[in-house]
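Student: Read off the chains here:
Protein chains: 2
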Amino acid sequence: MRVDELETPVPVVDIDRLEANISRLQSYLDEHGIANRPHIKTHKIPAIAQMQMDAGAIGITCQKVSEAEVMADAGFNDIFIPYNIVGESKLARLMALAKRVTVSVTADSAYVIRGLSDAAQRAGLTLTVLIECDTGAHRCGVQSPQEAAELARLIEELPNLNFGGLMTYPTSEYTDSFVRETRTLLADDGLQIERVSGGGTPAMWQVHVHHEITEHRAGIYVYGDRLTLRAGSVTLDTCAFKVHTTVVSRPTPERGILDAGSKSLSSDLHGLDGYGYICEYPEAKIYALSEEHGHVDFSACERKPEIGERLTIIPNHCCTVTSMFDEVVGMRGNEVEVIWQVTARGTVR
Amino acid sequence: MRVDELETPVPVVDIDRLEANISRLQSYLDEHGIANRPHIKTHKIPAIAQMQMDAGAIGITCQKVSEAEVMADAGFNDIFIPYNIVGESKLARLMALAKRVTVSVTADSAYVIRGLSDAAQRAGLTLTVLIECDTGAHRCGVQSPQEAAELARLIEELPNLNFGGLMTYPTSEYTDSFVRETRTLLADDGLQIERVSGGGTPAMWQVHVHHEITEHRAGIYVYGDRLTLRAGSVTLDTCAFKVHTTVVSRPTPERGILDAGSKSLSSDLHGLDGYGYICEYPEAKIYALSEEHGHVDFSACERKPEIGERLTIIPNHCCTVTSMFDEVVGMRGNEVEVIWQVTARGTVR
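Sequence lines, in order, name chains H and U.
Under my numbering, think of the first position of the first sequence as 1, with each following residue one higher.
Under my numbering, think of the first position of the second sequence as 1, with each following residue one higher.
Keep in mind that the hints are not guaranteed to be accurate.
What follows is a set of in silico ranges between Cβ atoms, one per label pair, in the way DEER data are often shown [what the hints assert, rightly or not]:
hint, chain 1, residue 1, chain 2, residue 2, range
1, H, 16, U, 337, 49 to 57 Å
2, H, 335, U, 237, 50 to 58 Å
3, U, 271, H, 5, 33 to 41 Å
4, H, 16, U, 271, 37 to 45 Å
5, U, 230, H, 303, 34 to 42 Å
Worth flagging that the hints you see were computed from the coordinates, not collected in a lab.
The beta carbon of each residue, even a glycine, is placed where N, CA and C say it ideally should be.
Turn these sequences into a full structure, and let the hints guide you.
Tutor: Set out below in structure tokens:
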């Protein structure tokens with residue numbers, strides 16, 4: 001079947017580009033001796049995670065326990081969950097997971113670390129815990145090397161935990177100094193920082209300048225999107241992921257309405273202008289989204305589309321798009337080669 | 001099971017409030033002799049659609065053919081799809097649906113109308129088509145009564161179609177005059193406008209002032225959200241839908257991080273300040289969302305939450321939230337009474 005025979009809106013992956021993207025980052029990280037631990041939250045598809053492993057990844061990254069459960073069921077046996085896992089029932093699920101595959105997690109507070117230790121004791125296993133460090137993103141993470149060192153000592157002190165190193169997102173200009181200062185603080189305790197996990201697709205080609213980083217977690221690099229186009233880490237020619245849509249209305253000479261809205265493209269903006277890049281009409285602007293309508297201003301385009309015309313859109317943020325669809329189409333040339341189930345979709349707990 | 005024993009993030013509906021919301025709008029529309037045709041895109045759950053029908057709705061509204069297929073499978077037999085349906089395969093599905101239940105659709109162009117006529121001919125059935133009119137929303141819809149009249153004549157002229165009236169969204173101050181002018185234009189053709197379908201929860205208590213409206217489509221009214229709170233059509237006491245979350249990090253004295261991000265709350269803003277209303281901390285602001293993290297500024301709150309504390313959030317837009325979850329919990333008091341499958345989730349085609 002040809003891709004243009006598929007009903008829209010439909011997310012489509014160019015498999016040739018996907019393979020090239022997986023291979024390109026793996027080669028780069030190999031060249032610099034940095035382990036690759038791709039984040040599967042972007043695609044949530046075991047078959048694509050397997051392509052990443054086959055290329056040389058050392059394991060995968062998942063953002064939630066439920067994502068990791070899906071991936072463990074699919075046969076992946078080394079899973080990092082860089083997240084503060086809180087709550088008795090969720091901790092019990094984490095421990096059940098840690099009994100069947102190699103799991104590491106992160107923490108940025110004594111509260112989370114104590115919860116992990118208690119649960120690991122109850123489960124009778126030892127869990128590897130990294131400290132999440134805020135090196136500029138101002139999300140989670142301890143605020144100083146002093147705090148990182150304190151929590152590392154707590155991990156070592158409490159039963160059934162193993163200090164696994166440091167984690168940050170994204171890797172930044174502050175990462176190396178943060179790691180070095182923490183290392184200095186821990187030297188007297190005899191605690192080594194062996195693993196330093198950094199992340200992010202926007203700055204993925206600069207990972208090698210951060211000498212402290214031992215492994216990298218990138219998610220979007222497999223697909224590419226407008227966020228990473230803006231960052232310059234992917235190009236229009238390497239973007240593997242597009243949402244195919246149809247023009248369903250041309251109510252005015254300038255306005256067009258697409259059959260893809262916030263339930264297909266997501267409302268993620270992150271400072272971008274408009275809700276996606278229309279490949280066939282680069283000057284057009286998707287200026288608003290209803291749930292099932294994309295509102296487009298074509299006034300800057302010399303030629304304007306007809307009703308029924310199919311358009312392909314590079315979304316602002318591919319991760320929030322894929323998680324809304326049950327299936328993603330893989331194409332080679334313009335032929336449908338595979339339909340992937342987004343197996344880990346809906347796994348937010 | 002108590003609701004506070006559920007893992008988070010989890011969307012929870014207060015069934016008492018849900019029932020009251022359904023009953024309240026039905027009574028209001030009954031009082032004014034306006035038919036109720038609720039939009040199920042908000043909840044996508046057949047059991048809730050059935051509650052709406054049991055209360056007195058004349059039928060339901062779906063936004064996509066796939067949503068309507070799910071609802072037809074669940075036994076609903078009068079479905080309105082106020083959407084331009086384009087493309088051979090989708091039209092074939094629409095006709096298959098129209099063979100088993102009563103279906104009406106809309107169109108705002110000759111292109112769409114011709115497609116519907118061709119498909120209806122092939123299927124050997126007659127389809128009811130309403131004209132979508134833009135009465136101020138600037139989304140889809142013909143721009144003038146003249147255009148509406150022209151398309152109404154085309155529907156009557158082409159085989160296997162039946163002119164079903166006018167549709168607009170949302171009902172506005174321009175709706176009545178648009179309808180009356182179109183009626184005047186069609187008088188000589190002997191074409192009656194019997195059905196005028198308006199919609200929207202924000203202005204639902206003013207529907208009766210629009211004398212031309214014969215039926216109303218509201219979606220959000222069952223749940224309520226921040227958009228409809230802003231509009232004043234729901235209140236904090238009637239909001240039936242909340243996302244329960246947990247504080248997983250307190251990296252600084254002012255900042256808190258929740259376990260719900262854009263993959264749970266959606267990034268819909270629509271001009272609102274922040275990504276949701278935290279019921280326990282009304283002064284707090286959810287100032288950013290990562291996929292699985294909600295970034296909250298608690299600086300305006302006298303008391304600030306601890307890690308592990310559970311918070312309940314009224315999202316900006318409940319429709320884009322429910323469509324991301326496979327299940328929604330129905331509670332009575334604080335006990336889980338039912339877990340609904342979001343059966344029509346993922347149906348964007």
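Student: Against each hint, give a clear statement of whether it holds in the structure.
Tutor: Structure-based check of each hint:
{"no.": "1", "hint": "H/16 <-> U/337: 49 to 57 Å", "result": "holds, 51 Å"}
{"no.": "2", "hint": "H/335 <-> U/237: 50 to 58 Å", "result": "holds, 56 Å"}
{"no.": "3", "hint": "U/271 <-> H/5: 33 to 41 Å", "result": "holds, 39 Å"}
{"no.": "4", "hint": "H/16 <-> U/271: 37 to 45 Å", "result": "holds, 41 Å"}
{"no.": "5", "hint": "U/230 <-> H/303: 34 to 42 Å", "result": "holds, 39 Å"}
Of the hints listed earlier, there is not a single one the structure fails to meet.
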